[in-house]
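Chains as they are written, first to last, in the UniProt record's numbering: chain C, 1 to 350; chain S, 1 to 350; chain A, 1 to 350; chain R, 1 to 350.
Think of the hints as simulated: they come from the structure by calculation, not from any bench.
One or more hints might be untrue.
[Claimed, not checked] If you want a taste of the chain C side facing chain R, the calculated C-beta under 10 angstroms gives, among others:
1. L162
2. V165
3. E169
4. D173
5. L177
6. I181
7. L188
8. V190
9. N202
10. L205
Using N, Cα and C, we set each Cβ at its ideal position, and we do this for glycine too.
4 protein chains.
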Amino acid sequence: MNHQKRSTEKRKSEHIDIALNQPVAGTDITTGLEQFRLVHESLPEIAYSEISLKTTFLEQSLQTPFLVSSMTGGTEKARTINRNLAQAAEARGWAMGLGSCRAALEHPETVDTFRVRDVAPTIPILANLGAVQLNYGYGADHCRQVVELVEADGLILHLNSLQEVFQPEGNTDFRDLLSKIEGICNTLEVPVGVKEVGWGINGKLARRLFDAGVTFVDVAGAGGTSWVQVEKHRSKNPLLIQAAKTFSGWGLPTAFCLQEARKLNPTGTLIASGGMTNGLDAAKALALGADLVGFGRSLLAAATQPTPEAIAFQLERIETECRIAMFGSGIDRVERLQGTSRLQKCPLNP
Amino acid sequence: MNHQKRSTEKRKSEHIDIALNQPVAGTDITTGLEQFRLVHESLPEIAYSEISLKTTFLEQSLQTPFLVSSMTGGTEKARTINRNLAQAAEARGWAMGLGSCRAALEHPETVDTFRVRDVAPTIPILANLGAVQLNYGYGADHCRQVVELVEADGLILHLNSLQEVFQPEGNTDFRDLLSKIEGICNTLEVPVGVKEVGWGINGKLARRLFDAGVTFVDVAGAGGTSWVQVEKHRSKNPLLIQAAKTFSGWGLPTAFCLQEARKLNPTGTLIASGGMTNGLDAAKALALGADLVGFGRSLLAAATQPTPEAIAFQLERIETECRIAMFGSGIDRVERLQGTSRLQKCPLNP
Amino acid sequence: MNHQKRSTEKRKSEHIDIALNQPVAGTDITTGLEQFRLVHESLPEIAYSEISLKTTFLEQSLQTPFLVSSMTGGTEKARTINRNLAQAAEARGWAMGLGSCRAALEHPETVDTFRVRDVAPTIPILANLGAVQLNYGYGADHCRQVVELVEADGLILHLNSLQEVFQPEGNTDFRDLLSKIEGICNTLEVPVGVKEVGWGINGKLARRLFDAGVTFVDVAGAGGTSWVQVEKHRSKNPLLIQAAKTFSGWGLPTAFCLQEARKLNPTGTLIASGGMTNGLDAAKALALGADLVGFGRSLLAAATQPTPEAIAFQLERIETECRIAMFGSGIDRVERLQGTSRLQKCPLNP
Amino acid sequence: MNHQKRSTEKRKSEHIDIALNQPVAGTDITTGLEQFRLVHESLPEIAYSEISLKTTFLEQSLQTPFLVSSMTGGTEKARTINRNLAQAAEARGWAMGLGSCRAALEHPETVDTFRVRDVAPTIPILANLGAVQLNYGYGADHCRQVVELVEADGLILHLNSLQEVFQPEGNTDFRDLLSKIEGICNTLEVPVGVKEVGWGINGKLARRLFDAGVTFVDVAGAGGTSWVQVEKHRSKNPLLIQAAKTFSGWGLPTAFCLQEARKLNPTGTLIASGGMTNGLDAAKALALGADLVGFGRSLLAAATQPTPEAIAFQLERIETECRIAMFGSGIDRVERLQGTSRLQKCPLNP
Ligand SMILES: Cc1cc2nc3c(=O)[nH]c(=O)nc-3n(C[C@H](O)[C@H](O)[C@H](O)COP(=O)(O)O)c2cc1C
Ligand SMILES: Cc1cc2nc3c(=O)[nH]c(=O)nc-3n(C[C@H](O)[C@H](O)[C@H](O)COP(=O)(O)O)c2cc1C
Ligand SMILES: Cc1cc2nc3c(=O)[nH]c(=O)nc-3n(C[C@H](O)[C@H](O)[C@H](O)COP(=O)(O)O)c2cc1C
Ligand SMILES: Cc1cc2nc3c(=O)[nH]c(=O)nc-3n(C[C@H](O)[C@H](O)[C@H](O)COP(=O)(O)O)c2cc1C
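The following block holds chain C by itself, in its conformation from the complex (with noise of 0.2 angstroms):
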């Protein structure tokens, strides 16, 4: 094993031992979604039973409007994480993010550990890379590759600009980037999205990057994991340790990134994601005009057990409370969910 890859290694292993036993909640921030409330409707008029979570994402038809979002490959633990979550994906029809893939490239023996196609054959699935690398490197061929690689049907590039910072080494150059996504979107054969890891995308950005060809942009947003926290435990440099403190608030929470995405693209696929613990929020973020929800860090735990019944315990209650919010707000479809007049800003006390 050279040098390269055992750190690499070291880094992917470390963010999930970090992610799963430190507090690594951006601090003063939440995901805005509890400034808002569905109307409870009493006489909801449709059966519970009758409720359907289907909905279409890139083009598929998918089971439910929920996403497994980005999170690890590269090592042992990984590979089992990995393979939990694609079978849980699978079984209750949700959509799934690999990881960075960059160690599949770069380490071809790590493949196998993104590799779940095997058992995850139906559902759509996401390869990722940063998209800082276009700036170091890579291609179109590269990112070709990890998606056949990985047999993934699109190809999601992550921006992560304050974890570059905070981590040592980082690749810091962001310049010229928008327009090396639009070679990207221009070249693959597959749909691109971009999404970010816990800051927010903007409005605005989110309307330049459509117009720049990508497919679908993920917000995720402030109010849950905070990569500056997550680096902070890694960091051994004492300024750096001192700088995450004050970062540690940073970035545009999920629901102000949703609504105004939402609002400058009308038509434009949008994930919502950052800080997602459980179905009434999904539902909310649905109501703001998600087409997907994504969940991370809070699946980290069940997905990291030997087998996957404790994952798909998860994925099923998510999806449970998304019915129960709709049939409390009388709501059977997810796309009446959608952009509907039902979601009012709190407080509603008069």
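Guided by the hints, dock chains S, A and R with the ligands onto chain C, whose structure is given.
Same frame as chain C, now just chains S, A and R with the ligands:
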């Protein structure tokens, strides 16, 4: 004793026990009444002893604008509670709702746990059934029967969608219920009202209910007992137990429902309930336009005592508090309190 | 000592003891002054030593715009308190209110517990009676008599509706009092003022009082002592003890009353009191338009000391704080402080 | 050592000790910067390494838009602090303010505790005097003299009205100071600035100061060190100790002053200080329109170390945080940060 009866009885007595001993108030939600303040009038120019709480309800005159909310029946403990409540209500001139009377119909030997007419000969007594039963075999005949069995002056149909979801084998088909409620209103000889059980009837639904022929609407809003919380304590389903936490703040605050319902229904008979604990809250609710104010769980503990003195004391306390609030506001009649401009939104602080 | 006298004495000394030793502040309510801020002026262009607190009250000139609020009389302890307060007030140039002087009339042997003219020859002294007594046998003659007995410069009639409700055998017939107050104003040779006791006189009532001939109004708002709280500690009636908790937040905040009263009565003499504890609050109240600021319970502890030094120290502290607030705002005269645009609603944070 | 000198020295060293060891932050008041948020830009399209903090101040170019606020001089400990601060400021390109230089004039043997030009040959150094001294015998000659003694590039006159009130024998005659400041500005050969000491200069006063010929204004607002708190710890006067508590929240928040001052003075050179603790706050202040950002007490602890490494580390941390905030906002130059529309009032939550 057959199985179904035993299970109904068990459910009923568990409800009472949980409501008495567990934390069943909704979390992160209030009635909204705390946001209103009656403007103090230093020079009331009335005599405290001349203040009258008299009002009329269902064309009957009533000593107070208060109602014991529908709570129980079907078990021995329920019999004690119902008789205590009825005796105190009769003594002090409150209206009284009985708990769901389905048991009385399906298990005739429990009828006398509901019957209180002997100790409450003059006050309005209201029978109670789940509206959703109209989708599960119940019709006008059953409704008429329960009214006669308990010698009631009217019937309340309750809407409890989320409770049914959280109950094992709950009845969750709420399709077409409005037209069935309309049918009952057209057929029954006594007035029919509709109530929630703690998540609130919003203004538009109140209007649709009045249009359907309902005589009165009890908003039964959020801020008091949460039935998700109650069922959580009974549940053995781990998924529902987790989901219950997600929905412990669901619902529309009582004050919100009341204000909206009154605005959209200037003349309909409205009952305010959900989270009422004292006569000052009741006075605010009357000022917001309620015709009657209902008290549920806050009466329960006193009603379980062997004799009616304890619960009569509570009713008297609530009345006294309402009188004091009226004296402090310079208002001596319920009809002047209703819709008074002396109710102001907080903060009064300039 | 006859029974009625003993019971009056007992009540009076209990009031003092409870006010000194029990939590008698209203709950969930503040004066509202914390919502205002005097805008700091870094370059005041005045000399601190030249700041003057001089003002006029009842056509007399006064060293400070401050008043000792009506508190006590009728017992030995009250004598000490009154004499301490009077000596300090005389020394520092505050006006002084006496507690309710009914005892002086009904139990002539207690007169000298009220008489302080010997130690306070020059300051305005104000006698005090409950306005409601005008419905219980009192008339202009009694009012004139108390003023003469205590050699007062004026008479304050206090409005205390809710206190009467919570007192055993309270006098709760407040009918027609305004016209009787008008009668007293027309008949008496000295100025007559009206005050609350801690629930606040609203703007409209202030206007009606000025129209009736009252010379000054003391809003005596909520945010300080709550008489429901005081009477709760004396009560033996379990129903009233429970009800007292319900009303511990009743009343109109001092700042609200003051602002509204000043708006509706641009020229009437207004006293701000209720919850005043320091000279910064007093400066804000003057800025909101008060002519005089009254301090009640916050003076009590110091006034019970054997000699007047402790209370004189408190008065001086309050004056100093008011001067500092004026210096900090660049204002050197009370009349420039009154209605200054330098008072701003918080948050100042932009 | 004469008495006056000993007492000045004692005061100075007490100030340092109290500022280091006692809670001297204002209470119930903040800078207001927490109410602003820089809008995250996921795709900054700049390179982190290319971000520049360069700016100009007093027509000199400066490596950073930062200033060490005026703090000390006159004692041995002050010498260490000043030399540490100066060495670090020189190394990193910060401007530096000296503490009040009155001692240097009145006790010439203390001059060298202020002199740092030898270790800080290139950065702007600012001498400091209390503006109120102009009413106590000081004139242009004294001002010129201190500037020369410490080889300063400019002079700051500080406004500290409330501090003088709380100091024993404070100088509290602030009459006519503006015209005297104007005189100094007209006479001196170096630029003259005016600052507060933590209660804030409001917008109108800033304008009057610029009109009087002042070259720069340092708002030095509330939310950080409160000099009432500092003097409270030194005071032996019980009345002032009590009064100090009343004024611990006095003053105008830094962000409020800055925003108002910038609005009324679009082109004047403005320094933002008061409560600055990190580079994110500094970035927000620049975005609100500051030309320079000053740090006082938050630098003190590190500056007392025997060598300048600790304080240099703090300066670097602040710079790094400012760069990260700029990177996160997609801004690479100080002049683009100033007045940017990327600063938004919280809550961003929609
Ligand atoms: C352990 C962990 C690893 C992650 N790795 C990646 C990654 O490789 N690529 C990526 O785009 N996002 C990654 N993320 C970010 C998530 O996809 C998500 O945007 C972020 O955590 C916010 O969502 P959350 O609050 O639901 O966790 C990772 C998150 C976690 C917790
Ligand atoms: C123990 C208990 C049993 C109840 N049973 C019924 C019922 O059978 N029918 C019904 O309409 N509401 C029922 N309710 C709901 C109440 O009528 C009321 O709407 C709700 O509890 C909210 O009011 P509260 O906050 O004052 O308790 C019950 C409530 C409690 C606490
Ligand atoms: C011990 C005590 C006795 C009082 N007695 C009287 C009284 O006899 N007459 C009156 O008008 N107000 C009386 N008050 C009310 C005060 O004058 C004042 O209006 C009220 O306490 C609110 O002001 P504070 O918050 O500064 O105490 C009394 C207050 C206290 C604390
Ligand atoms: C120990 C200490 C000494 C100070 N001495 C002076 C001084 O001599 N002259 C001056 O203008 N300000 C002085 N200040 C005030 C600071 O310059 C600054 O305006 C104030 O402390 C608020 O900023 P901060 O919150 O960053 O501390 C001093 C502050 C401290 C903490």
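Please flag the earlier hints that this structure goes against, numbers listed from lowest up. 3, 7 and 8
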